[in-house]
Amino acid sequence: MTPIRVCLIIAALVSAGLILPGTGTIPDGRSHCPAILVEADLYAEGPPIDYPYRNFSIVVETLYETESSHSDIARVYDIGDSWEKTEGIADRDILAIKISDNVDSDEDEPEVLMMALQHAREWPTSEIALQLIENLTDSYGSDARITWLVDNRETWIIPVVNPDGLEFAMTYDDMWRKNRRDNGDTTYGVDLNRNYNGSENGDPFGEWGGAGASHITSYDTYCGESPFSEPETQAVRNLVKGRSFTVAIDFHTHGNLVMWPWGYTADLPPDNEDLVRIGYELAALNDYEADQSVGLYPTTGDSLDWLYGSADIFAFLFEVGEGPDFNPDGMDTVLEQIAENIPPALLLIEIAGDREEMQFDIDHTPPDDTLYSDTGFEVDANITAARRVDTSSLSVAYRIDGGPWAEIGMSKTAGNDTYTGVIPSQPGGSAVSYYVIACDEGGVGLTSPKYAPYDVHAFTVIPDAEPPEADAGLAATITLGASVSFDGSGSTDNVGVSSYTWEFDYDGSPVELDGANPAFTFWVEGIYEVTLVVTDSSGNSDSATVTVTVIDGAIPEFGYVVFPVTAILAVMVFARFYLDRGRRRQAG
Numbered sequence: 137m138t139p140i141r142v143c144l145i146i147a148a149l150v151s152a153g154l155i156l157p158g159t160g161t162i163p164d165g166r167s168h169c170p171a172i173l174v175e176a177d178l179y180a181e182g183p184p185i186d187y188p189y190r191n192f193s194i195v196v197e198t199l200y201e202t203e204s205s206h207s208d209i210a211r212v213y214d215i216g217d218s219w220e221k222t223e224g225i226a227d228r229d230i231l232a233i234k235i236s237d238n239v240d241s242d243e244d245e246p247e248v249l250m251m252a253l254q255h256a257r258e259w260p261t262s263e264i265a266l267q268l269i270e271n272l273t274d275s276y277g278s279d280a281r282i283t284w285l286v287d288n289r290e291t292w293i294i295p296v297v298n299p300d301g302l303e304f305a306m307t308y309d310d311m312w313r314k315n316r317r318d319n320g321d322t323t324y325g326v327d328l329n330r331n332y333n334g335s336e337n338g339d340p341f342g343e344w345g346g347a348g349a350s351h352i353t354s355y356d357t358y359c360g361e362s363p364f365s366e367p368e369t370q371a372v373r374n375l376v377k378g379r380s381f382t383v384a385i386d387f388h389t390h391g392n393l394v395m396w397p398w399g400y401t402a403d404l405p406p407d408n409e410d411l412v413r414i415g416y417e418l419a420a421l422n423d424y425e426a427d428q429s430v431g432l433y434p435t436t437g438d439s440l441d442w443l444y445g446s447a448d449i450f451a452f453l454f455e456v457g458e459g460p461d462f463n464p465d466g467m468d469t470v471l472e473q474i475a476e477n478i479p480p481a482l483l484l485i486e487i488a489g490d491r492e493e494m495q496f497d498i499d500h501t502p503p504d505d506t507l508y509s510d511t512g513f514e515v516d517a518n519i520t521a522a523r524r525v526d527t528s529s530l531s532v533a534y535r536i537d538g539g540p541w542a543e544i545g546m547s548k549t550a551g552n553d554t555y556t557g558v559i560p561s562q563p564g565g566s567a568v569s570y571y572v573i574a575c576d577e578g579g580v581g582l583t584s585p586k587y588a589p590y591d592v593h594a595f596t597v598i599p600d601a602e603p604p605e606a607d608a609g610l611a612a613t614i615t616l617g618a619s620v621s622f623d624g625s626g627s628t629d630n631v632g633v634s635s636y637t638w639e640f641d642y643d644g645s646p647v648e649l650d651g652a653n654p655a656f657t658f659w660v661e662g663i664y665e666v667t668l669v670v671t672d673s674s675g676n677s678d679s680a681t682v683t684v685t686v687i688d689g690a691i692p693e694f695g696y697v698v699f700p701v702t703a704i705l706a707v708m709v710f711a712r713f714y715l716d717r718g719r720r721r722q723a724g
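When you read off a place in the sequence shown, starting at 1, and then add 136, the result is the number in this note's numbering.
Check the hints yourself; a few may be wrong.
[Said to hold, decoys possible] Taking lysine to any residue and the SDA-like style, the derived pairs with C-alpha atoms no more than 20 Å apart in a straight line are: (1) 377 x 337; (2) 586 x 533; (3) 548 x 526; (4) 586 x 526.
In case anyone wonders, no lab produced these hints; they're calculated from the structure.
Model the full assembly from the supplied sequences, consistent with the hints where possible.
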C-alpha cells in the first residue's frame with residue numbers, strides 16, 4: 137500500500153473519531169500523513185487540514201519508490217537545485233521522473249512535459265502530478281491505453297518545481313507563493329512563474345518583466361533580477377532545451393480554467409487553431425472553461441508563453457479548482473480535483489504524437505466467431521487520411537492461440553478506400569487475435585483497435601460440423617487394357633472438400649488413388665466396386681461408390697470361324713464362275 141493510501145485511511149479514521157490526531161504512523165515509525173503528523177519537522181505551524189498533502193520529503197520518497205518498483209519504465213533525474221540548496225541552507229533538488237518503455241534510451245517518440253507547484257501554496261497540483269505518475273506506472277501492463285502511452289511516448293513529470301517554497305508554505309505560511317530567495321532587503325522570494333524569459337517571439341511586449349510582473353521585491357509577482365535568475369527556472373529551462381517536448385501542462389490553482397498562449401497579448405498565436413481545438417478537448421474532460429491565457433489577466437515571464445515561444449511546445453496551463461482556496465482542506469474537494477485532471481493529462485500525452493490531429497480513420501468491423509475456411513479470413517478496412525494514406529504501411533498483425541505475432545500486407549480491393557488482408561487458414565478451434573496497422577504520409581501511425589497490441593480484435597475459428605456429400609460419378613464398362621478416369625467433381629461441402637480418396641481391390645491387392653479425377657488402367661476383367669471418400673478440413677467425411685465393369689474384348693479362337701470363312705469363299709468362287717461363263721456366251 138502506498139503512503140498516500142495509508143494517509144487517506146488514517147485521515148478517515150481521525151475524521152470519524154476512531155483514532156486521535158498525532159498518532160498516524162506507519163510501521164517504519166515515520167509519519168507519512170501531514171494531516172496527523174508526529175514529527176514537527178514536517179509540519180510546525182501548518183494549517184489544520186483534512187487532506188493529507190505530501191510535503192517535499194514525501195514527494196522525493198514517493199518518486200524513488202516509484203523508480204524502484206517500476207525500474208523498467210521509470211527513472212528519476214536530478215535536474216537542478218533549489219535556491220536554498222545553492223546557498224547551503226537546505227538540501228532540496230528539483231526532481232523529474234521520466235516514464236517510458238526502454239526508459240534509459242532516447243527513442244524516437246513524442247515527448248511530453250508535465251509540471252506542478254511552481255507556486256508554493258498550490259498543493260493540489262503536486263498531488264495531481266503524483267497521481268498521474270501512479271496511474272502511468274501501476275497500470276502499465278494491465279490497462280491497454282496506459283500501456284500504449286508508456287510504450288509510445290516519453291513523459292517527463294516535475295511534481296514540485298518550487299521545493300523550498302512548498303516546505304515554507306506547509307510549515308509557516310500556507311499562502312506563500314514565491315521561492316525562498318533572500319532578496320537582501322528583508323524580503324524573500326521570486327515568483328517563478330514570472331521568471332521565464334518571456335515569449336521569445338520578437339515582440340517587445342512579450343519580454344520578461346512586462347505586463348503582469350512586478351519589479352518590487354515584496355510583491356507576490358516579483359519577477360526577479362533577470363530572466364532565469366532562479367535555479368528552479370534554470371532547471372526547467374535546461375531540461376526543455378535538452379529535450380524535444382511537443383506538448384506540456386503547467387498545473388496551478390485556482391479558477392477551473394484550461395489556457396493556452398499568449399498570456400501577454402490578445403493577439404492570436406501562429407498555431408491558434410490547433411491550440412484552441414486541443415484546449416477545448418482538454419476542458420471537455422475536466423469541465424473547465426477554455427480560454428487564451430490573457431483572458432484571465434495579462435502576464436509576462438510565465439512558463440506558458442516561454443515554452444511556446446522559445447521551444448514550439450503546445451503548452452497549456454490548468455487553473456485547478458474553483459477556489460477561493462489555493463490549497464483546500466476538504467478531502468472530497470482535493471480528491472475531486474485530482475480525479476478530474478487525470479483524463480485531460482492522459483489525452484494530451486496521446487495528442488503529443490499528432491498535435492494537428494489531422495483526420496485519420498480506420499473503419500473496421502471485426503467479425504464474430506468465424507466458420508473455418510480453407511482460403512483464410514479476410515480483414516477489410518476503410519482507411520482514410522487527410523494527409524493521404526501511405527499504402528506501403530498497411531498490414532494486419534495477427535497471432536494464433538497467443539503465439540508470436542506475424543504480419544500480412546493489405547491491398548486495395550473495393551472502392552477507393554477499402555483495403556484487405558487475408559489471415560491464413562487456421563484449424564477449427566483456433567483463437568485468432570489481430571489488429572490493423574496504418575500510417576499516413578505525414579508519418580503518423582494508427583491502429584485498429586487504437587491501443588493495439590494491448591487491445592486487439594479477436595475471433596475463434598468455428599469447427600465445421602457439417603459433413604461433405606460425396607459423388608463418385610457414373611458407372612463405367614470398359615474392355616481389358618482401357619483406362620478409367622474417375623470423377624469426384626460432383627462432391628460438395630459447405631466450406632470445400634480438402635481430400636479425395638478412391639479405394640478398391642484389384643487382382644487381390646488394395647488400391648488407393650488420390651485426387652478428384654485420378655485415372656487407372658485395368659488389365660484384369662471383372663466387376664469392381666470403387667469407393668470414394670471425401671473429407672473436409674475439419675475432418676468430416678462422406679463416401680460414395682461407383683461400379684467399373686471390365687470385359688474381355690479379344691478376337692475369338694480361329695477354329696470357331698473356319699467353316700463360315702470357307703463357305704463364304706466357296707460362294708464367292710461359284711459366283712465368279714457363273715459370272716465369267718455368262719460373259720463368254722454373250723461374246724460367242
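Results for each hint:
1. 377 x 337: This hinted pair holds, its Cα atoms lying about 16 Å apart.
2. 586 x 533: 13 Å, holds
3. 548 x 526: Holds, at about 12 Å.
4. 586 x 526: Holds: residue 586 and residue 526 sit about 18 Å apart, inside 20 Å.
Hint violations for this structure: none, all hints satisfied.
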